[in-house]
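Full structure from sequences and hints, please.
As you go down the protein sequences, you meet chains A and B in turn.
The first sequence: position 422 = 422 (this note's numbering), numbered continuously.
The second sequence: position 2 = 2 (this note's numbering), numbered continuously.
One or more of the hints may lead you astray.
[As the list claims (entries may be wrong)] Here are the simulated SDA-like cross-link-like pairs (lysine to any residue), alpha carbons at most 20 angstroms apart as the crow flies:
id	chain 1	residue 1	chain 2	residue 2
1	A	K303	A	M447
2	A	K413	B	V58
3	A	K87	B	S72
4	A	K511	A	N38
5	A	K303	B	D39
6	A	K413	B	D45
7	A	K507	A	Q473
8	B	K10	A	Y396
9	B	K10	A	L392
10	A	K53	A	K87
11	A	K406	B	T46
12	A	K406	B	D39
13	A	K303	A	R409
14	A	K87	B	S78
15	B	K10	A	A322
16	A	K413	B	A53
17	A	K413	B	T46
18	A	K406	B	A53
19	A	K303	B	S42
20	A	K406	B	V58
21	A	K87	B	L77
22	A	K87	A	D49
23	A	K355	B	R6
24	A	K336	B	D84
25	A	K53	A	T28
26	A	K53	A	L20
27	A	K303	B	T46
[Stated by the list, open to error] Computed footprint of chain B on chain A, listed as stretches where at least three residues anywhere in the stretch have a Cβ under 8 angstroms from a Cβ of chain B:
id	segment
28	186-198
29	235-247
30	324-333
31	373-387
32	397-406
33	441-448
34	458-466
FYI, nobody ran anything at the bench for these hints, they're computed from the structure.
From the three backbone atoms N, C-alpha and C, an ideal C-beta is built for every residue, glycine too.
Now for the letters of each chain:
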Amino acid sequence: MALFDQTATEHLKGLESGALKSVELTQTYLDRIRAVDNRVGAFLSVDADGALKRAEEIDERRAKKQRVGRLAGLPLAVKDILCERGKVTTCASRMLQQFRPPYDATVIAKLREADAVFVGRTNMDEFAMGGSTENSAFQVTRNPWDLERSPGGSSGGSAAAVAAGMAPLAIGTDTGGSIRQPAGLCGVVGMKPTYGRVSRFGLIAFASSLDQIGPFGQSVEDAALLLETIAGHDPRDTTSLDVPVPAYSQSVNKPLANLRIGWVREHFGGGLDKEVESAVRAAFEVYKSLGATLHEISLPHSKYAVATYYVIAPSEASSNLARYDGVHFGYRTDEKEMLAELAADRRRLETAGDKAGLEHLDSALVRMYRRTRAEGFGPEVKRRIMLGTYALSAGYYDAYYLKALKLRRLIRKDFDDAFGKVDLIAGPITPAPAFKIGEMSGDPLAMYLVDIYTVSANLAGIPGLCLPCGRSQAGLPIGLQLQAPALEEERLFCGARMFEQATDWDKGRAKL
Amino acid sequence: MSISRRDNEKVALLGRLRLTEDELAIMTTELAQIVGYVDQLSEVDTDGIEPMAHAIEVANVFRADEVSPSLSREEALSNAPHRDERGYLVPAVLGE
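This is the structure in structure tokens:
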């Protein structure tokens, strides 16, 4: 097994014993990036010099027996949505192509404090809107298992980086499945924590009541280690929860006794790919063989989850993205061209004697906003702003936004009821394995429906994890999703680790 | 509920977007499709259900009113597309 195929937990043992140096490890991953990323396209930027310098410094401190952090010397990739002081942070948007944050996100600060080695920033759907990473303004990311296919999204760059052995660990964000879905399609472990478990300070906002930062790794142990590092209360994020963070990496190997697993009747209706269904059902059998009991449960409102999500998320997005006005930071349209265009519009209306048109003509400031946003945002972002603005506008607010908030409570109540009977919920992560690049791009609604199994966890605020549980005949990874009640990440990790240790799906690596 | 081209022009202005004729045509078709899908929410009886804006409901969070360092003016202006030494510059809004 190549060094880059090993897990972060294995690397850490080598680093701690002195058998492995961070410089050697970091160089290995940088070499791997150089060798394969021209085909995968996972990274928007790679900081080879910075990473090696940092690795060297950590090696020195370790050699001198000085204190080092929990992830000391481990290379790590970060989704290009978390602010890193002085580093271009684009959110895969033209709008932020030149943006250099003047401060660090709390998660970045914690990772720095833990002595992780930042190797680069990963591609994503623009502003995290999408499930294929095709909505990036800069490049397409390809699935390492089949380069014709999408890695999923929106954290597709982070998932692909881990799957291709270009980083042992990566950070993603999950608003409606954006960590778990690409983890499933790329055959790695990805986890969305409870809403409020990880600080969102310095995370570029998409939908603030749903966004959460979480880990990617090659194993459940790795994901546990990374969550343990980034979780915890932060006074700068008022939604972050002031509760203790368990030592997930210590408890992850303890199997759960008398585990009750729920499978959701509504998850196995029409539209579920046969190969996915049989892999997931086989996973249930594995759990039975480990002493768990399986229970059929119902989440009666789950069929409304996608509709609910696609009201709430765009509404919040339309509000959050109002800040991109071409004034404070980010892209601004060319002012001379804008003023010339406006003058030409005015002349045309005057010549036509169009009084109403003249009355409604944009002011220079409004035209500046509109041109800036028209040029700075891509089609999916515009679609969501339109959708959200519509849902929040006078006359439609009650029918859409308020209605969706009520459905959201019903969806959460379904989970509360279910978790009265079972400890974990298990099921598919996506209706089918990875789709082809371009296959979904002409049909936004079809793309949204891929989120059917993932959005509920965000609406309810509960943690969810995806780990590999099989492969299709075409050799594509199939993911198993596990969900737990709020703040029960420890149970989620332990339950996932039981499956991982009983099977070999985590050992598979994409051939590149 | 269908969503017309005229609705979309209005929504684009509210959202401070500017759509080309082609974009407007595509958007009208796509939004109609998505809104049509979302309309299924109306079949659920939600009388008496309290709306839920946040997944983990926390009460007001207060901190002590203490002055602490924040970004310097220079840092705050460092990403401005158009600025002088003191502030952000925008197109003239008065005297039109």
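Tested hints:
1. Our distance criterion of 20 angstroms between C-alpha atoms is met by A:K303 and A:M447, whose separation comes to about 16 angstroms.
2. Distance check on the hinted pair: A:K413 and B:V58 sit about 17 angstroms apart at the alpha-carbon level, within 20 angstroms; holds.
3. A hinted pair counts as satisfied when its Cα atoms are at most 20 angstroms apart, and A:K87 with B:S72 qualifies at roughly 18 angstroms.
4. Pair hint A:K511 plus A:N38 holds up; C-alpha atoms about 15 angstroms apart against a cutoff of 20 angstroms.
5. Between A:K303 and B:D39 the alpha-carbon distance is near 13 angstroms, which keeps this suggested pair within the 20 angstroms criterion.
6. The straight-line distance between the Cα atoms of A:K413 and B:D45 is roughly 15 angstroms, inside the 20 angstroms bound, and the hint therefore holds.
7. Taken as a hint, the A:K507 and A:Q473 pair is honoured in the structure, with Cα atoms around 18 angstroms apart against an allowance of 20 angstroms.
8. Using a Cα cut-off of 20 angstroms, the hinted pair B:K10 and A:Y396 holds, with the two alpha carbons roughly 13 angstroms apart.
9. Only pairs whose Cα atoms come within 20 angstroms are accepted, and B:K10 paired with A:L392 is accepted, the gap being roughly 13 angstroms.
10. Between the alpha carbons of A:K53 and A:K87 the distance comes to roughly 16 angstroms, so the proposed pair stays at or under 20 angstroms and holds.
11. A distance of roughly 6 angstroms separates the Cα atoms of A:K406 and B:T46; the hinted pair therefore holds under the 20 angstroms criterion.
12. For the hint linking A:K406 to B:D39, the alpha-carbon distance of about 14 angstroms falls within 20 angstroms, and the restraint holds.
13. At roughly 14 angstroms between alpha-carbon atoms, A:K303 and A:R409 fall within 20 angstroms of each other, so this suggested pair holds.
14. Restraint check for A:K87 and B:S78: satisfied, since their Cα atoms lie roughly 13 angstroms apart, inside the 20 angstroms limit.
15. This hinted pair checks out: B:K10 and A:A322 have alpha carbons roughly 16 angstroms apart, not beyond 20 angstroms.
16. Of the pairs offered as hints, the one joining A:K413 and B:A53 holds, with about 14 angstroms between alpha carbons and a cut-off of 20 angstroms not exceeded.
17. A distance of roughly 13 angstroms separates the Cα atoms of A:K413 and B:T46; the hinted pair therefore holds under the 20 angstroms criterion.
18. Of the supplied pair hints, the one linking A:K406 and B:A53 holds, its CA atoms being roughly 9 angstroms apart against a limit of 20 angstroms.
19. About 13 angstroms separates the Cα atoms of A:K303 and B:S42, which keeps this hinted pair within 20 angstroms; it holds.
20. Our distance criterion of 20 angstroms between C-alpha atoms is met by A:K406 and B:V58, whose separation comes to about 18 angstroms.
21. Distance restraint check for A:K87 and B:L77: the Cα-Cα separation of roughly 16 angstroms lies within the 20 angstroms cut-off, and the hinted pair is therefore satisfied.
22. The suggested pairing of A:K87 with A:D49 holds, with an alpha-carbon distance near 14 angstroms, which does not exceed 20 angstroms.
23. Straight-line distance between C-alpha atoms of A:K355 and B:R6 comes to about 19 angstroms, which keeps the hinted pair within the 20 angstroms bound.
24. Between A:K336 and B:D84, the direct Cα distance comes to roughly 18 angstroms. Compliance with the 20 angstroms bound is thereby established for this hinted pair.
25. Taken as a hint, the A:K53 and A:T28 pair is honoured in the structure, with Cα atoms around 14 angstroms apart against an allowance of 20 angstroms.
26. Simply put, A:K53 and A:L20 have alpha-carbon atoms about 16 angstroms apart, close enough for the 20 angstroms limit, and the pair holds.
27. Distance check on the hinted pair: A:K303 and B:T46 sit about 15 angstroms apart at the alpha-carbon level, within 20 angstroms; holds.
28. With 3 residues having a beta carbon nearer than 8 angstroms to a beta carbon of chain B, the segment 186-198 of chain A meets the requirement of three or more and the stated coverage holds.
29. A count of 4 residues in the segment 235-247 of chain A with a Cβ less than 8 angstroms from any Cβ of chain B is obtained; the coverage claim is therefore met, three being the minimum.
30. Only residues whose C-beta sits within less than 8 angstroms of a C-beta in chain B count toward coverage, and the segment 324-333 of chain A has 8 of them, enough to reach three; the restraint holds.
31. Chain B is given as covering the segment 373-387 of chain A, and this holds because 9 residues of the stretch bring a CB closer than 8 angstroms to a CB of that chain, at least three being needed.
32. For the segment 397-406 of chain A, the stated coverage by chain B holds: 7 residues have a C-beta nearer than 8 angstroms to a C-beta of that chain, and at least 3 were required.
33. Residue count for the segment 441-448 of chain A with a Cβ under 8 angstroms from a Cβ of chain B: 3. That meets the three needed, and the coverage hint holds.
34. Figure legend: the segment 458-466 of chain A, annotated as covered by chain B; annotation consistent (5 residues with Cβ-Cβ distances under 8 angstroms, at least 3 required).
In summary, the structure agrees with every hint in the numbered list given earlier.
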